[in-house]
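S.K.: Residues per chain are reported as follows:
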Amino acid sequence: MGACVTTICLVFSTPTQAQTREISVRGFADVGSTIFRAEKSFTAVLGSDRGTVFGGGIDAVLPQRIFLNLRASRFRRTGERVFLFGDERFGLGIPLTVTVTPVELTGGYRFDYGSRLVPYAGAGLGWHGYREASQFADGSENIDDHFVGYHVVAGAEVRLARWVGAAVEGQWATVPDALGGDSNGASREFEESNLGGAAVRLKLIIGR
Amino acid sequence: MRGRAYVACAAVAIWLAWAAAQHAQVQSLSGLLVSEVALPAIDRGVRDTDPPRPPRSDPEAEPFVRGSIIVKFRPGTSPEAQRALLAQVDGRQERQPSDADFDIVTIDAGTDPQAAADSLEAQPDVEYAQARYRVYPRFVPDDPLYARQWNYPALDMERAWDINPGATPAITVAVLDTGVAYRSGIMRYQTRPFRLSPGGPLFPSLGTVEVPFAGAPDLAGADRFVAPRDFIWETTTPFDLDGHGTHVAGTIGQLTNNSLGTAGFAFNVRIMPVKVIGSVWDAVFRSPQQGTDDIVARGIRYAVDNGAKVLNLSIGRFGPPAPVLQDAIAYAVSRGAFVAVAAGNDFETGNRVERIAEFAPRIDGMVAVGATGRDRQRTFYSNTGSYVELVAPGGNMRIGGLDGGILQQTFDFDLVDTYLRGPAQYRAPRFDSFSFEFFQGTSMASPHVAGFAALLMQQGITSPAAIEAAMKRYASDLGPLGRDDEYGHGLINPRASLRGLGLVK
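For the record, the sequence lines run as chains A and B. Just so we're aligned: 44 in our numbering is position 44 of the first sequence, and the numbers increase by one with no gaps anywhere. Going from the second sequence to our numbering is simple: count from 1 and add 1000.
Treat the hints loosely; a few may be bogus.
What the hints assert, rightly or not - Computed footprint of chain B on chain A; a stretch qualifies when at least three of its residues, placed anywhere within it, have a C-beta under 8 Å from a C-beta of chain B: (1) 41–51; (2) 84–96; (3) 128–136; (4) 141–153; (5) 179–187.
To be verified - Computed beta-carbon distance windows for the label pairs: (6) A/G93 x B/L1481: 28 to 38 Å; (7) B/R1376 x A/I35: 40 to 50 Å; (8) B/R1421 x A/P95: 56 to 66 Å; (9) B/G1482 x A/F136: 24 to 34 Å; (10) B/G1401 x A/P95: 39 to 49 Å; (11) B/P1480 x A/D177: 26 to 36 Å; (12) B/A1170 x A/V158: 51 to 61 Å; (13) B/A1170 x A/T52: 32 to 42 Å; (14) A/G93 x B/D1156: 11 to 21 Å; (15) A/R74 x B/G1482: 37 to 47 Å; (16) B/T1168 x A/R74: 30 to 40 Å; (17) A/S33 x B/A1170: 37 to 47 Å; (18) A/P95 x B/R1376: 24 to 34 Å; (19) A/F54 x B/D1156: 35 to 45 Å.
Source of the hints: derived by calculation from the structure; they are not laboratory data. Yeah, the Cβ is synthetic: ideal placement off N, Cα and C, and Gly gets one too.
One chain only, chain A, in its complex shape (with noise of 0.2 Å):
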């Protein structure tokens, strides 16, 4: 009750200045959890289509609520090599990690009027590696490649302490042609060739 009533408060104070006019520079780490557009690819491969990413980067505040964000971020999961017949999929025992390290940059918004509670959102684009290694692979069989993305986010940040604060962060990204390149992918199976996908995150701000 008590921890609850501190964070109403927390929320809803007012805040000594409202951050309009000064250059901050933060730094943050982030965790949440991704649904990949690619479903039934990932599903069948990996035995999920969502999956937990760890990211961090820096967030610039700019004059006039501006923001810029870099982050960088990453997913890997080990499932196994398939064969998909009609609606059966045969799982083969070899396997398979995919690691997905996008790089994002991101400008937005931030609607900051001097409530403790700060919502944003923003848009930009990203680099999308994509590294797929199996068991008894060559050299060629494996894949490691990037692709352009874009994205949009929103979420709101509120301040726990003068140089801690924290946000709450949906973002929904496409990445389009990176998938079902190859006969030997699932994703061409399911005609499935977007890397992209909706993303929920908790951040840790690290700054004023």
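Mind docking chain B on chain A? Use the hints.
M.R.: This is chain B only, laid out in the frame that chain A set:
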């Protein structure tokens, strides 16, 4: 006077009974296992300098067995109705054989069995009726010249074995063939006079002979064989009296990495020897059955009912369709077994339709296999047609000589085909001396696919239809683009099928 007549009748009856007993005794003497053990097998190495052997002839000329036909009545047909139908062809129903859902009907030996079957099949209460056509092994043991196991590198098997090293004993592959050299023993047989071909020289009877057998040294191992069954002799000891089945079994599962002989495709599987084909010696030794459709159908059902997950049929026949075999194969697939069948070796002699292989396009989980040579081209003998679904190495000795054949261990034929010496010098065979021989034929191609199916099954693809789909999907397209009647979907590509799909690649 009447008393004398009774005594005379009684004497005649006793004499007849004694004669019948003697006859029965003589019959039962042939095919008697007289010793569980025999001398150790003799391994005579690779026989690559022998002249080519002539194809072994069928001692019988007709394509079917006279005196009986196969009939399957529709469910619900009463015994009275069945008898009435059979009366139309002067037929008499025999006891339904084991592992069969059809009946064997005895007819007059002078009646054309196919005509009798056709007249019965026209009746609404009859699902099908057919003559008992003979089924033959499908290899071409002539055309000299040779090579040693080029067939595995041609399929990139070294890398495929990295992924799946020869399956496991959890998979049982049934070899429906002439039997397999799977154990030792001494059999006592009664011989009969015979001719190798109609009008050929008469070979006199050898009387009673004792014939030694041994397990092929590069095939037999502890717990290697399961549920052996012989439908030619109606026993549980399917000794190979030909060598074809032993060679075929070798391609499927020859022991590998044992510093001996040759390699097999799925070298860790268990082998189920099911003898459904007779050979010259089986006929000479008076086997009670011959390799006919019904015998093969029973063998198929037996194999799946006793746990076989993959069936190899390097056999075939021409003539009219064989519904009894289609039924049996459909049953096998419905029980979760994959079936590989040789597509036939008749291309240069008419390219007649192979009546077992032709079912393949209609049954998902059964594949008809054509043959390629070292040059990755269809071999001169390999049948073409809409039923050819895949090709695999079967050997072609016209290109590359003997080295173009498929090498496996089988019998030393000097000691088997003794009838090639002529009637004056032939003697009883022995099946305990082995050599490595090059054979060619779709009989040799089919076991590659059977072994491949075993690997896929062990890798995780458990449905026969999915196994067929995996084979076709990754086959290396040969000939005209896409499926064609020469190569089907192409040359099998085991490594690619075993790897399957990644997320992207």
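S.K.: If a hint holds in the structure, say so; if it does not, say that too.
M.R.: Hints, one by one, checked against the model:
Look at the stretch 41–51 of chain A against chain B: 5 of its residues bring a Cβ nearer than 8 Å to a Cβ of that chain, three or more, so the hint holds. Only when three residues or more bring their CB closer than 8 Å to a CB of chain B does the claim for the stretch 84–96 of chain A stand; here the count is 9, and the claim holds. Only when three residues or more bring their CB closer than 8 Å to a CB of chain B does the claim for the stretch 128–136 of chain A stand; here the count is 4, and the claim holds. Given as covered by chain B, the stretch 141–153 of chain A passes the check, having 3 residues with a CB less than 8 Å from a CB of that chain where 3 are the minimum.
Interface restraint, the stretch 179–187 of chain A with chain B: holds (8 residues with C-beta to C-beta distance below 8 Å; minimum three). Taking 28 to 38 Å as the suggested C-beta distance range, the pair A/G93 and B/L1481 conforms, at roughly 33 Å. For B/R1376 and A/I35, the hinted distance range of 40 to 50 Å is satisfied, since their beta carbons lie about 46 Å from each other. Remark: the range hint 56 to 66 Å for B/R1421 to A/P95 is upheld by a beta-carbon distance near 60 Å.
Evaluation of the 24 to 34 Å hint for B/G1482 and A/F136 yields a pass: the beta carbon distance comes to about 29 Å. For B/G1401 paired with A/P95, a C-beta distance near 44 Å keeps the hint of 39 to 49 Å intact. Restraint check, B/P1480 to A/D177: a C-beta distance of roughly 32 Å satisfies the suggested window 26 to 36 Å. At about 59 Å, the CB distance of B/A1170 to A/V158 agrees with the hint of 51 to 61 Å.
For B/A1170 paired with A/T52, a C-beta distance near 36 Å keeps the hint of 32 to 42 Å intact. Between A/G93 and B/D1156 the CB atoms are about 20 Å apart, so this pair conforms to the stated range of 11 to 21 Å. One distance hint, 37 to 47 Å for the beta-carbon pair A/R74 and B/G1482, holds here, with the actual separation near 43 Å. For the pair B/T1168 and A/R74, the supplied restraint of 30 to 40 Å holds, since their beta-carbon distance comes to about 37 Å.
For A/S33 and B/A1170, the hinted distance range of 37 to 47 Å is satisfied, since their beta carbons lie about 39 Å from each other. Checked against the given bound of 24 to 34 Å, the beta carbons of A/P95 and B/R1376, roughly 33 Å apart, stay inside it. Against the hinted window of 35 to 45 Å, the Cβ-Cβ separation of A/F54 and B/D1156 comes to about 40 Å, which satisfies the hint.
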